[in-house]
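Chains A and B, in that order, give the protein sequences.
Each residue of the first sequence is one higher than the last, beginning at 1 in this note's numbering.
Each residue of the second sequence is one higher than the last, beginning at 81 in this note's numbering.
Label pairs and their calculated CB-CB ranges:
(1) A/Thr80 x B/Asp130: 30 to 38 angstroms
(2) A/Asp31 x B/Asp111: 46 to 54 angstroms
(3) A/Glu34 x B/Ser155: 17 to 25 angstroms
(4) A/Thr53 x B/Thr160: 33 to 41 angstroms
(5) B/Ala127 x A/Asp50: 38 to 46 angstroms
(6) B/Glu114 x A/Glu34: 34 to 42 angstroms
(7) A/Ala47 x B/Thr149: 26 to 34 angstroms
(8) A/Gly26 x B/Lys82: 15 to 23 angstroms
I should point out that these hints are in silico values taken from the structure, not numbers from a laboratory.
Here the structure is a predicted model, which is why all the values come from computation and not from measurement.
Just so you know, even glycine gets a beta-carbon here, dropped at the ideal spot from N, CA and C.
These are the residues of each chain, in order.
Number of protein chains: 2
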Amino acid sequence: MKATVHVTLKTGVLDPQGKAIEHALGNLGFDGVEQARQGKFIELELADTDVDTARARVTDMCEKLLANTVIENYSVQIET
Amino acid sequence: MKATVHVTLKTGVLDPQGKAIEHALGNLGFDGVEQARQGKFIELELADTDVDTARARVTDMCEKLLANTVIENYSVQIET
Chain A
1 MKATVHVTLK
11 TGVLDPQGKA
21 IEHALGNLGF
31 DGVEQARQGK
41 FIELELADTD
51 VDTARARVTD
61 MCEKLLANTV
71 IENYSVQIET
Chain B
81 MKATVHVTLK
91 TGVLDPQGKA
101 IEHALGNLGF
111 DGVEQARQGK
121 FIELELADTD
131 VDTARARVTD
141 MCEKLLANTV
151 IENYSVQIET
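Excised from the complex, chain A in its bound form (with noise of 0.2 angstroms):
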């Protein structure tokens, strides 16, 4: 079973790595970025058949280390 951890920063969390996408894209002539945030996308293949202990396994993963939910939120799919 595949399970997909999205994990972004909290609105108001400075983001250094987008400003500098940002930059980035206006200096390679890309107008019209208006924003660009950056976070991490964990592919997870778990030995798990149930989608429902799959999926509170990962957020629980997502608690205790893939997140610092002090500045991030994190969103968990489960695809069987």
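On the provided structure of chain A, position chain B as indicated by the hints.
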């Protein structure tokens, strides 16, 4: 208009961050994580109003800046 880009390492390219996640999850007692791969997730806020134009421009951004196409794949989603 919002565009999201996923940049992932190509199959076969060594992913030390993914390996670190695998080991850390194992050390935390999360069994059954067979593989972890980490990629980037980029959210762009664009001034474009046409979906096809936006998609073409973001694809161009990926080719020129956001992804290293030698070792990375990318996918572009446009949200209207």
